[in-house]
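Taken in order, these protein sequences are the chains called U and S.
So that you can map any letter, position 39 of the first sequence is 40 in this note's numbering, and since no number is skipped, the others follow by simple counting.
So that you can map any letter, position 55 of the second sequence is 118 in this note's numbering, and since no number is skipped, the others follow by simple counting.
One should not assume that every hint holds.
[As the list claims (entries may be wrong)] Straight-line distance between alpha carbons at most 25 Å, and here's what the computed PhoX-like set of lysine-lysine pairs gives:
| hint | chain 1 | residue 1 | chain 2 | residue 2 |
| --- | --- | --- | --- | --- |
| 1 | U | Lys114 | S | Lys66 |
| 2 | S | Lys66 | U | Lys37 |
| 3 | U | Lys138 | S | Lys91 |
| 4 | S | Lys91 | U | Lys37 |
| 5 | U | Lys114 | U | Lys37 |
[Said to hold, decoys possible] Beyond 10 Å from chain S on every Cβ pair, some chain U residues (computed):
| hint | residue |
| --- | --- |
| 6 | Ala47 |
| 7 | Ser48 |
| 8 | Ile51 |
| 9 | Thr68 |
| 10 | Ala118 |
[Claimed, not checked] A short, non-exhaustive set of chain S residues, derived as facing chain U with CB atoms under 7 Å:
| hint | residue |
| --- | --- |
| 11 | Val85 |
| 12 | Leu112 |
| 13 | Leu118 |
Hints were generated in silico from the structure; no laboratory data involved.
Heads up, the beta-carbon is just placed ideally off N, CA and C, and yes, glycines get one too.
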Amino acid sequence: MATNVKAQAAAPPARGWYGVILLAWLVPGGGHFLLKRPGRGALLLASVAIMFLLGLMMRGAMFQPQTGDVLTTIIYCGGFLGDLASGLFYLLTVWLGYAQPDMAGHVHDYGAKFLVAAGLLNVLAMVDAYEIATGEKE
Amino acid sequence: MPKMNLSHFEAAILFALFSSVVLGVITKRTDAERLRYGVRCFAYFVAALIGLGWLMKLGHG
Numbered sequence: 002m003a004t005n006v007k008a009q010a011a012a013p014p015a016r017g018w019y020g021v022i023l024l025a026w027l028v029p030g031g032g033h034f035l036l037k038r039p040g041r042g043a044l045l046l047a048s049v050a051i052m053f054l055l056g057l058m059m060r061g062a063m064f065q066p067q068t069g070d071v072l073t074t075i076i077y078c079g080g081f082l083g084d085l086a087s088g089l090f091y092l093l094t095v096w097l098g099y100a101q102p103d104m105a106g107h108v109h110d111y112g113a114k115f116l117v118a119a120g121l122l123n124v125l126a127m128v129d130a131y132e133i134a135t136g137e138k139e
Numbered sequence: 064m065p066k067m068n069l070s071h072f073e074a075a076i077l078f079a080l081f082s083s084v085v086l087g088v089i090t091k092r093t094d095a096e097r098l099r100y101g102v103r104c105f106a107y108f109v110a111a112l113i114g115l116g117w118l119m120k121l122g123h124g
């Protein structure tokens with residue numbers, strides 16, 4: 002009983018997590034910076050940024066949402082969402098006119114996967130920031 | 064922006080490295096646990112990479 006009371010008292014209050022999630026999406030690691038976890042935020046930012054940059058340098062193609070059969074819908078819509086999850090990196094890249102066509106070759110293939118994976122890693126970072134903001138995690 | 068040409072192995076190692084860093088950062092409670100988990104993830108990635116590489120080579124005949 003006393004332990005429960007102590008644990009509840011020690012738990013940080015739930016903050017407004019909308020802003021944290023929005024910032025975490027726009028700037029990878031931004032949610033952690035906002036929540037005063039600069040070391041972890043910097044590692045997340047560096048990892049996602051380098052992965053995205055490597056994807057661009059390998060001339061990976063960005064996915065455009067397409068529908069058709071189930072597999073096509075999953076791959077193209079899922080890939081688009083993965084790309085979009087990189088936040089400002091994706092938005093800036095598209096706004097600056099990056100439009101690499103889908104080409105044959107393992108380097109281009111890896112590039113496209115790096116771009117999607119950077120977004121997916123940012124989704125993990127957003128979930129972590131959400132858990133910290135709501136007090137579920139330190 | 065310079066174009067980068069990486070082999071399968073180099074690209075997969077880089078993928079493993081950055082994925083392991085993120086997985087380590089977001090999963091555990093203390094820094095020591097995070098470091099251990101990140102290193103372990105990276106080792107598993109590399110082991111899977113080498114294992115699957117050999118499997119494909121042997122399966123190819």
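Cross-check of the supplied hints:
1. Restraint check: the Cα-Cα separation between U:Lys114 and S:Lys66 comes to about 16 Å, which is no more than 25 Å; the hinted pair holds.
2. In summary, the hint linking S:Lys66 to U:Lys37 is not supported, as the alpha carbons are separated by about 36 Å, beyond the 25 Å threshold.
3. Our distance criterion of 25 Å between C-alpha atoms is met by U:Lys138 and S:Lys91, whose separation comes to about 10 Å.
4. At roughly 17 Å between alpha-carbon atoms, S:Lys91 and U:Lys37 fall within 25 Å of each other, so this suggested pair holds.
5. A threshold of 25 Å between alpha carbons decides the hint, and for U:Lys114 with U:Lys37 the separation of about 31 Å lies outside it, so the pair is violated.
6. Its closest Cβ contact with chain S, about 8 Å, brings U:Ala47 to no more than 10 Å, contrary to its assignment away from the interface.
7. The claim that U:Ser48 is not at the interface with chain S is violated, since a C-beta of that chain comes within 10 Å of its own (minimum 4 Å).
8. A Cβ of chain S approaches the Cβ of U:Ile51 within 10 Å, the least distance being about 6 Å, so the stated non-interface status is violated.
9. Listed as outside the interface, U:Thr68 is consistent with that label: its C-beta sits roughly 29 Å from the nearest C-beta of chain S, beyond the 10 Å cut-off.
10. The claim that U:Ala118 is not at the interface with chain S is violated, since a C-beta of that chain comes within 10 Å of its own (minimum 7 Å).
11. Look at S:Val85: its Cβ gets to within about 4 Å of chain U, closer than 7 Å, so that hint holds up.
12. Interface restraint check: S:Leu112 against chain U, minimum CB-CB distance 13 Å, threshold 7 Å, status violated.
13. For S:Leu118, the suggested interface contact is broken, since its CB lies about 18 Å from the closest CB of chain U, more than 7 Å.
The structure is inconsistent with the numbered hints 2, 5, 6, 7, 8, 10, 12 and 13, although it conforms to all the rest.
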